[in-house]
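Given these sequences and hints, build the entire structure.
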Amino acid sequence: MGTITLAQVTKSFGDVEVIPPLDLEINDGEFVVFVGPSGCGKSTLLRLIAGLEDVTSGLIRIDGTDATALPPARRSLAMVFQSYALYPHMSVRKNIGFPLKMAGMNAAEADKRINAAAKVLNLTDYLDRRPGQLSGGQRQRVAIGRAIVREPSAFLFDEPLSNLDAALRVNMRLEISELHQTLKTTMVYVTHDQVEAMTMADKIVVLHAGVIEQVGSPLELYNKPRNKFVAGFIGSPKMNFLQGAPAAEHNAHSIGIRPEHLTLSVDDGAWPGTVGVAEHLGSDTFLHVDSGAHGILNIRTSGEVDLHHGDKVFLTPDPARLHRFDASGLTL
Amino acid sequence: MVTAHSRTAARLMISPAVVLLLGWMIIPLSMTIYFSFLRYNLLSPGMEEWAGLTNYRYFLTDPAFFAALTNTLLLVGGVLLITVVGGTALAVLLDQPMWGQGIVRILVIAPFFVMPTVSALVWKNMFMNPVNGLFAHAFKAVGLQPFDFLSHAPLMSIILIVSWQWLPFATLILLTAMQSLDQEQQEAAEMDGAGVLSRFIYLTIPHLTRAITVVILIQTIFLLSVFAEILVTTNGGPGTASTNLTYLVYAQSLLQFDVGGGSAGGIVAVILANIVAIFLMRMIGKNLDT
Ligand SMILES: Nc1ncnc2c1ncn2[C@@H]1O[C@H](COP(=O)(O)OP(=O)(O)O)[C@@H](O)[C@H]1O
Ligand SMILES: [Mg+2]
Numbered sequence: 000m001g002t003i004t005l006a007q008v009t010k011s012f013g014d015v016e017v018i019p020p021l022d023l024e025i026n027d028g029e030f031v032v033f034v035g036p037s038g039c040g041k042s043t044l045l046r047l048i049a050g051l052e053d054v055t056s057g058l059i060r061i062d063g064t065d066a067t068a069l070p071p072a073r074r075s076l077a078m079v080f081q082s083y084a085l086y087p088h089m090s091v092r093k094n095i096g097f098p099l100k101m102a103g104m105n106a107a108e109a110d111k112r113i114n115a116a117a118k119v120l121n122l123t124d125y126l127d128r129r130p131g132q133l134s135g136g137q138r139q140r141v142a143i144g145r146a147i148v149r150e151p152s153a154f155l156f157d158e159p160l161s162n163l164d165a166a167l168r169v170n171m172r173l174e175i176s177e178l179h180q181t182l183k184t185t186m187v188y189v190t191h192d193q194v195e196a197m198t199m200a201d202k203i204v205v206l207h208a209g210v211i212e213q214v215g216s217p218l219e220l221y222n223k224p225r226n227k228f229v230a231g232f233i234g235s236p237k238m239n240f241l242q243g244a245p246a247a248e249h250n251a252h253s254i255g256i257r258p259e260h261l262t263l264s265v266d267d268g269a270w271p272g273t274v275g276v277a278e279h280l281g282s283d284t285f286l287h288v289d290s291g292a293h294g295i296l297n298i299r300t301s302g303e304v305d306l307h308h309g310d311k312v313f314l315t316p317d318p319a320r321l322h323r324f325d326a327s328g329l330t331l
Numbered sequence: 000m001v002t003a004h005s006r007t008a009a010r011l012m013i014s015p016a017v018v019l020l021l022g023w024m025i026i027p028l029s030m031t032i033y034f035s036f037l038r039y040n041l042l043s044p045g046m047e048e049w050a051g052l053t054n055y056r057y058f059l060t061d062p063a064f065f066a067a068l069t070n071t072l073l074l075v076g077g078v079l080l081i082t083v084v085g086g087t088a089l090a091v092l093l094d095q096p097m098w099g100q101g102i103v104r105i106l107v108i109a110p111f112f113v114m115p116t117v118s119a120l121v122w123k124n125m126f127m128n129p130v131n132g133l134f135a136h137a138f139k140a141v142g143l144q145p146f147d148f149l150s151h152a153p154l155m156s157i158i159l160i161v162s163w164q165w166l167p168f169a170t171l172i173l174l175t176a177m178q179s180l181d182q183e184q185q186e187a188a189e190m191d192g193a194g195v196l197s198r199f200i201y202l203t204i205p206h207l208t209r210a211i212t213v214v215i216l217i218q219t220i221f222l223l224s225v226f227a228e229i230l231v232t233t234n235g236g237p238g239t240a241s242t243n244l245t246y247l248v249y250a251q252s253l254l255q256f257d258v259g260g261g262s263a264g265g266i267v268a269v270i271l272a273n274i275v276a277i278f279l280m281r282m283i284g285k286n287l288d289t
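Respectively, the protein sequence lines represent chains V and U.
To convert, note that position 248 of the first sequence is 247 in numbering that gives the first Met the number 0; the numbers rise steadily by one, no gaps.
To convert, note that position 265 of the second sequence is 264 in numbering that gives the first Met the number 0; the numbers rise steadily by one, no gaps.
Possibly wrong hints are sitting among the right ones.
[Claimed, not checked] Keeping only pairs whose Cα atoms sit at most 35 Å apart, straight-line, the calculated DSBU-like set for lysine-lysine is:
#1 K93(V) - K123(U)
#2 K111(V) - K285(U)
#3 K118(V) - K100(V)
Just so you know, these hints were derived from the structure itself, not from any lab.
Structure below.
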């Protein structure tokens with residue numbers, strides 16, 4: 000079991016309200032990602048669930064029972080920290096076994112669980128090393144190992160991959176997703192990286208200044224963003240926003256169109272422009288086009304285009320993929 | 000890059016410092032060794048003659064020597080115990096967020112700035128004096144006979160005084176170490192179900208071992224040569240009850256004017272200090288690796 004319910008939860012540090020009243024439902028077995036810009040309160044929210052911070056008001060229910068006042072150890076949640084937070088003077092084996100030792104589990108059973116976890120995480124050869132003798136990715140796996148041996152009802156991850164280099168990050172992302180497939184335990188994952196959110200989540204919670212902007216599956220957020228913030232935050236490269244005449248054409252205050260939903264042509268189209276920077280990725284080409292009154296527009300096109308700085312082009316939006324927003328930024 | 004050339008240059012450049020330091024150490028040391036083989040008494044100047052190992056034989060067979068040796072070890076051990084345990088406790092307390100933290104920390108460190116002679120005199124006259132001392136008053140207030148610390152428990156009293164002086168040092172070093180304790184580690188342990196006591200045993204203490212090692216090593220060096228506190232309080236007495244090696248050497252050479260005997264004692268003290276140092280490095284020095 001691993002359902003978590005937040006009801007009207009708020010959190011203030013002194014006079015500053017970091018989380019205004021917030022409701023959220025996390026279902027059993029779900030992979031939920033909290034995503035949002037830095038400082039929007041993702042970590043705070045996760046720490047409230049973990050019990051490392053006290054809520055200012057509101058209720059937290061875990062598996063249906065009120066856990067608002069429970070100390071962290073009694074919530075049967077396990078957390079993986081950004082800095083890994085391994086115990087530097089203990090071997091990997093002792094690190095992973097620490098929660099079991101604290102729970103007073105007998106040595107044989109604990110050893111069995113440690114070995115099982117080490118096998119899942121490819122750590123068997125490193126059990127006698129200290130954390131200081133491991134690479135970043137291995138340390139991260141030890142931290143995850145320490146979480147899984149407890150067999151918690153949910154895992155909490157706070158930006159676990161942000162200290163890793165790009166290639167390793169992609170690998171660990173896969174490993175964590177696979178771990179979720181194997182364990183089928185609820186996972187709550189915090190990141191500021193929308194790519195991580197999109198690739199890993201069953202359900203994404205977009206946060207902005209402590210407020211939930213939208214909750215939904217990755218494709219729901221991509222196809223039907225509830226407002227301009229979500230539209231701009233989800234998707235890479237970012238959605239283009241236009242105001243004025245082109246928006247008025249569609250009876251909106253502003254319109255948004257994703258870079259991949261603009262068609263490029265050299266001789267005819269809706270919006271003329273001049274190519275600025277062209278980023279050739281091989282599979283794709285990202286073009287920054289200066290379209291005068293409409294500002295700089297991003298276009299994603301095939302890897303084969305042969306366009307360079309200063310070339311004249313025309314852009315045409317796919318009308319079915321156009322997003323319309325009202326003056327307050329809500330989707331029409 | 001370290002090339003053969005730069006290594007030679009480096010050696011050349013540090014050599015003056017090395018030569019100076021060696022001279023600084025070796026000249027007094029060799030003179031002491033030389034004196035220790037002479038019959039050399041200040042009361043009969045100009046009568047120095049070669050005495051072989053006589054001085055050593057006298058010093059080592061003197062019953063005062065074993066008393067002094069035991070006292071030295073008790074003094075060092077006792078003070079280390081009190082300062083490390085007390086220092087850890089104080090560091091834990093001072094690490095808690097509290098009102099007036101800055102002032103409290105300065106106050107805790109204050110005893111370290113008081114000169115040993117002064118603090119020993121303050122303890123002797125204001126606290127431990129059997130008639131006027133604060134402790135005497137306190138004993139009387141609860142209807143007990145005042146206890147004459149310095150004559151009935153002289154070594155214990157000196158351990159107390161020296162501990163009071165060194166407690167701030169230990170506290171300061173351990174507090175600094177405590178502040179570098181990783182917050183997320185504590186939280187991780189909290190989530191892992193470790194209570195306050197478990198976190199102290201499994202996280203704080205291991206984190207502090209290196210700082211504790213430093214405290215023990217540095218304090219041992221200074222505690223082996225405690226002198227002023229003994230001179231101004233008990234004069235090594237009653238009998239030899241509070242005489243340590245340093246004080247015995249002093250008594251030998253300057254109270255009995257026997258420079259030869261004193262030098263022999265000094266050399267014995269140096270050898271013993273080295274034995275203690277090797278022993279310590281063996282036992283806890285490995286904590287300093289990496
Ligand atoms: N212990 C604290 N005391 C005061 N303010 C805090 C504390 N922790 C976080 N904050 C504030 O709360 C806001 C959200 O922080 P955080 O949850 O860490 O953001 P995120 O993880 O999304 O980057 C920030 O503005 C931060 O300054
Ligand atoms: Mg954060």
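Contradicted hints - numbers only: 1
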